[in-house]
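**Student:** Line by line, the protein sequences give chains A and B.
The letter at position 262 of the first sequence is residue 262 when you use my numbering, and the numbering goes up by one with no holes.
Numbering-wise, my numbering comes out as the position in the second sequence, counting from 1, plus 287.
These aren't lab readings, by the way, just hints derived from the structure by calculation.
Remember, predicted model here, so these are calculated numbers, not experimental data.
Among these hints, one or two may not hold up.
Derived EDC-like pairs: lysine to aspartate or glutamate, alpha-carbon spacing no greater than 20 Å straight-line [what the hints assert, rightly or not]:
id, chain 1, residue 1, chain 2, residue 2
1, A, K97, A, D48
2, A, K160, B, E496
3, A, K101, A, E83
4, B, K436, A, D219
5, A, K108, A, E83
6, A, K263, A, D237
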Amino acid sequence: MPKQLGIVGSGTLGSALAQRAAISGIDVVLYDINDTLLRRALEQIRSDLQRRVREGSLIQESLGEIFSRIHPRTHLTDLRVCECIVEATIEDLTTKKDLFKHLSQDAKAGTILATTTPSLCVTAIARAATRPERVLGMHFPQTVPPLRLLEIVQTPYTSKDSIEKARGIGDLLSISSVVTQDIPGFIFNRMFQTWCGESLLIAGHSIASVAQIDRLVQDHLGSPSGPFQSMDAIGIDQILIQARVLSEAHPAETRYRAHFMLKRLVDSGKTGLAAQEGFYQYAKKTK
Amino acid sequence: MPRRPSKSKKTIPRPSTTKKGRKKKPPVAQPTLLIIGDQMLVTEYGDVCGAHDIDCVEFITRREDDLAEHPRVVPALPKKLPASTRMVLELSNLDIEVKRNNLEFLDRILPASIPILSTSVTVSATEQSSWLATRNRLVGFAALPGFGKSHRVEVAPTVFSSSETLEQVSLFFRSLGKETEFVQDCVGMVIPRIVCQIVNEALLLCQEEVAHPHDVDLAGSIALGSTRGPIAFGARMSLKHVAAVLHALQRDLGDPRYHVAPILSQLAVSGEWWKRMSADDSSSHR
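Chain A on its own, in the form it takes in the complex:
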């Protein structure tokens, strides 16, 4: 089990992972290219932790200890101590390949290197590393609440030992994990897009209203929210990006085609809950 988890990138996912790891008792080396980005991430983590205290899921006394487990760093070489390094940077294959080449040269022998890419080819990233058997994907699909699932993406090079270590990290972070081959969309997005895509078609053909579909799905599947409520919560812009990943990978398959309604909503700024309007309208929060 890793004593120290390295995280490259202090954006939304990187910060959320650092926070979850620190709460789970793991020391985190959080890397980003400058102090400003790291400071912003730490402020966000502090604010999230304080919200948890207000909600009662954490006690005030534990905050200091949790926060002290997160070590912000601006030098990649500081990640050398980590048994697992998770990359959560921008979606650009060249950037990721360069990073993994660099990380794999610096990292300890047993360190596993993971990318959180939701759409790029993990195998291509692994090939850039000097020890591809230590490289895998750790995809955290967008869920409500976040970090409910870890998809461990294995490439043809990934060793069993690396997969077991990744599973161990999932267990430590209290996140359910599954192992998937390196295919576009992995498991989660193939299932999620099928669910949303079919619901969009039904609503688009006026067979039932958006609200009816949500009510029926909640009742029959026992889901806390229906497909349209879920798309609003995650962000319709994000759903459209995921849909395009699948449709570009399978241009001949009509079932992965992004529905026009998604694009229309995104174009008109109705991206869901965050924009206060998507498939539903939401009341503005009063301060």
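Knowing the structure of chain A, use the given hints to seat chain B on it.
**Tutor:** Coordinates of chain B only, in the frame set by chain A:
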């Protein structure tokens, strides 16, 4: 193939109005609900109705364990139906020919005033009503194995459905503790179409060996936020019914998105590998 008549004695609620349109209490007679169709559905709805003290008589005209290749043996329909029959549930999804036989028989033998609630997930309610002489008596609804316990039911009126029939249907489902959602009459309706596509996609992932079925089911249940995974849903609904809905969607809409995963077709016929897959669970892949 008659099934045990249930012992319950509750009346089927009927809307009944005075000349001025004011509602009065339902009649005190002992009307009977006739349930006819596929084995799993007849059994399930018989149990649901029995649990709500509704008197019903059941006939199974298609068993789920019939192999698709075998010549169909349609059990002889009864020559006489109970005189007290006040409503019919026709629950055939697997074989449209059997469904049509059943509906034509019921239409011939029952008085025109008796409504027929017929599953319309594999053939639209409007198409079904075109088989009948009394077209306004038929209303479609969504029924697949496992749906009997849900609190909401999709009902698809046809262009012929009378308002009185629809009211009777709503009252009937309310007596089973179900809310009615009126949706457009279309093959697959809403939930069957969504769930069958999800099951198909999950089994496609298994066939492509993207992941172990256990992992597909776990990721699927989190993706849908549901109480069980897509493979478990497929098992509950019976893959024969899932395949029948998908075949009907492909036939009706002509869209290759409803192409049935080969593994689903095989499992629907044999079921053997399915059982092995369930038995393996997660122990062997970790």
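**Student:** Take a quick look at whether K160 (chain A) and E496 (chain B) sit within 20 Å of each other, Cα to Cα.
**Tutor:** 17 Å, holds
**Student:** Has the given pair, K436 (chain B) with D219 (chain A), been kept, meaning a C-alpha gap of at most 20 Å?
**Tutor:** Given pair K436 (chain B), D219 (chain A) holds - Cα atoms ~10 Å apart, limit 20 Å.
**Student:** Are the Cα atoms of K108 (chain A) and E83 (chain A) separated by 20 Å or less?
**Tutor:** 7 Å, holds
**Student:** Can the restraint linking K101 (chain A) and E83 (chain A) be considered satisfied, given a maximum Cα separation of 20 Å?
**Tutor:** 17 Å, holds
**Student:** Taking 20 Å as the top limit, are the C-alpha atoms of K263 (chain A) and D237 (chain A) close enough?
**Tutor:** With Cα atoms ~8 Å apart, K263 (chain A) and D237 (chain A) stay inside 20 Å; holds.
**Student:** For a C-alpha distance cap of 20 Å, please report whether K97 (chain A) and D48 (chain A) respect it.
**Tutor:** Outside the cut-off at roughly 32 Å; violated.
The structure does not agree with numbered hint 1 stated previously, though it agrees with all others.
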